[in-house]
Amino acid sequence: MSERITGAEAICRALLAEGVDTIFGYPGGQIMPFYDKLYDFTDSLRHILTRHEQGAVHAAQGYARASGRVGVVTVTSGPAATNVITGLGDANIDCTPIVVITGQVGVASLGTDAFQETDVIGITQPITKWAYQIRRPEEIPWAMARAFYIATTGRPGAVVLDITRDAQVGTLDWSYKKTNYIRSYNPAPELQPGEIISAAALINRSERPLILSGHGVMLSEAEADLLALAEKADIPVATTLLGLSTIPSDHPLNKGMVGMHGNIGPNIATNNADVILAIGMRFDDRVTGVIKSYAPQAKIIHIDIDSAEFNKNVKAHIAIHADAKTALRGLLPQINKADRKEWLATFDRPEKVEQAEVIERETDPKDLGPESPMRMGEVVRKLSEATGNKAIVVTDVGQNQMMSARYSSYTMPKSLITSGGLGTMGFCLPAAIGAKLAEPSREVLAFMGDGGFQMTMQELGTILEYRIGVKMVLLNNNYLGNVRQWQAMFYNNRFSATPMVNPDFVAIAAAYGIPAEDVSCRAELDSAIARMAAHDGAYLLNVNIDPTDMVFPMVTPGSAIDNILINATDKYEA
Amino acid sequence: MEKKQLFTISVFTENQVGLLNRISIIFTRRGLNLESVSSSASSVHGIHKMNFTCNSDRETMEKVISQIERCIDVLRAFLYTDDEIVYQEVALYKVPTQKLLDEKDFERIIRVHNARILELTREYTILEKTGHESETQALYELLAKYGILQFIRSGRICITKSPTEHFTRYLEEQEARGKALCGSSEE
Ligand SMILES: Cc1ncc(C[n+]2csc(CCOP(=O)(O)OP(=O)(O)O)c2C)c(N)n1
Ligand SMILES: [Mg+2]
Numbered sequence: 000m001s002e003r004i005t006g007a008e009a010i011c012r013a014l015l016a017e018g019v020d021t022i023f024g025y026p027g028g029q030i031m032p033f034y035d036k037l038y039d040f041t042d043s044l045r046h047i048l049t050r051h052e053q054g055a056v057h058a059a060q061g062y063a064r065a066s067g068r069v070g071v072v073t074v075t076s077g078p079a080a081t082n083v084i085t086g087l088g089d090a091n092i093d094c095t096p097i098v099v100i101t102g103q104v105g106v107a108s109l110g111t112d113a114f115q116e117t118d119v120i121g122i123t124q125p126i127t128k129w130a131y132q133i134r135r136p137e138e139i140p141w142a143m144a145r146a147f148y149i150a151t152t153g154r155p156g157a158v159v160l161d162i163t164r165d166a167q168v169g170t171l172d173w174s175y176k177k178t179n180y181i182r183s184y185n186p187a188p189e190l191q192p193g194e195i196i197s198a199a200a201l202i203n204r205s206e207r208p209l210i211l212s213g214h215g216v217m218l219s220e221a222e223a224d225l226l227a228l229a230e231k232a233d234i235p236v237a238t239t240l241l242g243l244s245t246i247p248s249d250h251p252l253n254k255g256m257v258g259m260h261g262n263i264g265p266n267i268a269t270n271n272a273d274v275i276l277a278i279g280m281r282f283d284d285r286v287t288g289v290i291k292s293y294a295p296q297a298k299i300i301h302i303d304i305d306s307a308e309f310n311k312n313v314k315a316h317i318a319i320h321a322d323a324k325t326a327l328r329g330l331l332p333q334i335n336k337a338d339r340k341e342w343l344a345t346f347d348r349p350e351k352v353e354q355a356e357v358i359e360r361e362t363d364p365k366d367l368g369p370e371s372p373m374r375m376g377e378v379v380r381k382l383s384e385a386t387g388n389k390a391i392v393v394t395d396v397g398q399n400q401m402m403s404a405r406y407s408s409y410t411m412p413k414s415l416i417t418s419g420g421l422g423t424m425g426f427c428l429p430a431a432i433g434a435k436l437a438e439p440s441r442e443v444l445a446f447m448g449d450g451g452f453q454m455t456m457q458e459l460g461t462i463l464e465y466r467i468g469v470k471m472v473l474l475n476n477n478y479l480g481n482v483r484q485w486q487a488m489f490y491n492n493r494f495s496a497t498p499m500v501n502p503d504f505v506a507i508a509a510a511y512g513i514p515a516e517d518v519s520c521r522a523e524l525d526s527a528i529a530r531m532a533a534h535d536g537a538y539l540l541n542v543n544i545d546p547t548d549m550v551f552p553m554v555t556p557g558s559a560i561d562n563i564l565i566n567a568t569d570k571y572e573a
Numbered sequence: 000m001e002k003k004q005l006f007t008i009s010v011f012t013e014n015q016v017g018l019l020n021r022i023s024i025i026f027t028r029r030g031l032n033l034e035s036v037s038s039s040a041s042s043v044h045g046i047h048k049m050n051f052t053c054n055s056d057r058e059t060m061e062k063v064i065s066q067i068e069r070c071i072d073v074l075r076a077f078l079y080t081d082d083e084i085v086y087q088e089v090a091l092y093k094v095p096t097q098k099l100l101d102e103k104d105f106e107r108i109i110r111v112h113n114a115r116i117l118e119l120t121r122e123y124t125i126l127e128k129t130g131h132e133s134e135t136q137a138l139y140e141l142l143a144k145y146g147i148l149q150f151i152r153s154g155r156i157c158i159t160k161s162p163t164e165h166f167t168r169y170l171e172e173q174e175a176r177g178k179a180l181c182g183s184s185e186e
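Here the protein sequences line up with chains C and Y, keeping their order. Numbering-wise (numbering that gives the first Met the number 0), the first sequence opens with residue 0 and increments by one. Numbering-wise (numbering that gives the first Met the number 0), the second sequence opens with residue 0 and increments by one.
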């Protein structure tokens with residue numbers, strides 16, 4: 000005999016059936032039937048009340064990216080639904096599995112501009128993997144099962160379920176079956192042996208192969224397979240921004256990050272390589288520089304689970320339609336052992352130049368004294384080391400993002416969480432909260448700019464309420480630094496709308512009961528870091544950063560990827 | 000840049016609300032104008048077929064096709080040039096009856112253009128013509144001198160020249176995949 004339950008209860012039960020134990024959300028009128036029922040599920044479904052719906056989505060993203068599990072969000076209709084838009088766009092473009100449930104007005108009011116009615120499906124369709132409106136309670140099990148299957152499989156992404164009031168308050172006969180099949184959707188395509196054989200032949204014949212490891216490697220947990228292949232064939236590995244931590248920073252084959260603010264070595268190598276094995280990455284313009292001079296000598300083998308990525312930006316000579324793990328496992332036995340000393344040695348010179356001209360200036364600035372403001376690189380490096388390079392690094396967007404990504408070291412996977420495709424300021428604080436809740440045993444370092452922090456700093460309230468032990472570092476240059484850098488480089492130092500008068504951040508943290516300190520000069524840095532590390536719980540350092548500092552190396556927009564500035568005036572000479 | 004030509008895009012989908020919107024977004028994001036849109040049941044029970052026509056180059060259209068196929072509930076999308084399909088459009092013309100009666104040429108125009116009279120009243124006459132756009136347009140231009148009161152042309156409908164829907168084999172494969180996975184199909 001099946002049980003008759005309300006739609007609201009069906010949502011709770013479906014969440015449990017999908018293995019969910021944490022929800023990020025914010026209540027309101029049209030989601031109240033669900034929240035009322037949630038009260039009965041307090042023991043099994045932990046609800047985290049963020050201070051803004053944008054925070055809820057970013058927190059769910061952080062949760063998903065730190066753990067590989069799906070992030071769940073519940074909010075009401077209208078303004079709450081529009082508040083989740085940024086997070087949806089961010090999650091979808093960065094392939095983060097999240098399911099966002101929005102309440103919706105009753106069916107009879109749909110389309111009438113009723114109070115707090117918005118066309119959620121219409122608004123979210125362009126930025127979600129799937130968006131569906133549930134009008135009848137009986138649809139809930141089917142739609143929930145689909146939502147979780149779609150969000151987590153294939154190329155993961157954002158799913159929206161817009162659940163009308165009628166569907167929440169109405170009743171249905173409860174039965175639930177998880178889905179592993181949708182006729183129109185095959186997230187696990189069969190590996191094509193022909194492609195594997197030709198790719199392997201290409202790699203075996205190549206003299207100067209380069210692996211580009213993207214987010215897809217992390218999403219399919221193929222880090223060990225990546226390493227096995229790279230080591231067997233002695234191929235240098237570079238990562239994209241979201242691919243950072245797919246290979247340990249100190250591995251000899253790890254040649255760093257590609258792209259606009261990537262390392263010199265792999266950017267130069269991109270245009271010298273004869274074969275590029277691109278794994279789970281999408282040739283974003285921040286990675287390729289100007290497309291027509293990208294990798295002119297290379298035959299490109301593109302592995303991706305999303306076949307729409309093939310030939311979208313860069314022509315693939317061989318396209319392998321599979322997830323990274325399946326493809327790498329298929330390739331490995333076909334790949335010959337090789338020794339590429341000569342090719343690998345070509346990375347030495349750019350590495351040396353970058354170390355001397357860029358990295359040392361950032362991490363060990365001899366030109367600045369102990370009483371001076373700091374550079375971001377030295378702060379990030381010290382903090383990363385203070386955690387034994389084991390932290391989950393979460394960044395905001397801007398100079399702080401590039402510096403934290405570049406100067407943190409990674410010893411294990413899923414260690415960098417950053418907004419890549421959308422570049423969303425305000426991402427960091429809530430994402431760090433989600434990451435810490437997902438992985439409470441790992442240290443979570445949140446690096447933020449003074450601008451981005453102020454976009455979502457209301458989430459300090461969430462940290463206060465749930466005692467979330469996030470270590471926050473404000474890389475405070477009193478500027479929208481990233482924009483300032485472009486103004487300095489391309490707009491004649493006209494600092495339009497980039498200087499900021501900032502509040503007393505330590506006092507703000509104090510208001511939330513969070514210990515915090517100003518770190519105004521270099522001499523104070525080490526002891527401040529030690530105090531933060533010793534503290535069990537949330538902590539904030541407001542670090543005084545030299546506002547004139549800029550992120551280098553830099554491939555300026557519109558340049559080829561091997562056309563690299565090492566400071567404001569000088570280019571890297573090959 | 001490749002030169003532009005008219006492409007027909009046929010999309011087979013599940014019968015789900017909102018898919019037309021999701022698909023048309025893919026065109027509008029790229030600034031592509033849809034010349035025509037039509038949507039109806041396909042020859043396979045429960046499956047919808049949408050037809051779009053669009054002026055573009057092949058490379059762009061191929062990217063559009065893979066982005067359409069990526070949508071959940073889209074089964075397959077196909078790209079055709081005019082030589083690969085048999086296609087038709089319908090046009091309806093409403094003209095003042097008096098003008099037609101006064102005109103000696105009228106009967107000849109109808110005959111030559113294979114048009115049909117659907118309705119005839121004292122005030123107006125409605126003509127129907129099926130054909131390619133150039134043909135319905137040619138009739139439009141002839142009738143224009145009598146004053147056209149209303150005119151509408153349908154979206155393009157088409158059928159491929161191959162003996163079966165390209166799509167049926169794909170569908171069988173997916174059904175087989177479903178059986179292997181869970182013993183039953185979802186829908
Ligand atoms: C929501 C949002 N608005 C605007 C931007 C454009 N933007 C990119 S970086 C940046 C400056 C960020 O300043 P801050 O947070 O202080 O970081 P900094 O670059 O100084 O480290 C701006 C305004 C953005 N990426 N996201
Ligand atoms: Mg700043």
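Misleading hints may appear alongside valid ones.
[What the hints assert, rightly or not] Heads up, simulated DMTMM-like pairs for lysine to aspartate or glutamate below, C-alpha to C-alpha not over 25 Å straight-line:
no., chain 1, residue 1, chain 2, residue 2
1, C, 311, Y, 134
2, C, 291, Y, 58
3, C, 314, Y, 13
4, C, 177, Y, 13
I should point out that these hints are in silico values taken from the structure, not numbers from a laboratory. What you are looking at is a predicted structure, and each value in this text was computed from that prediction instead of being measured.
Outcome of the hint check:
1. C:311 <-> Y:134: 37 Å, violated
2. C:291 <-> Y:58: 16 Å, holds
3. C:314 <-> Y:13: 31 Å, violated
4. C:177 <-> Y:13: Given that 25 Å is the threshold and the Cα spacing comes to 20 Å, the pair holds.
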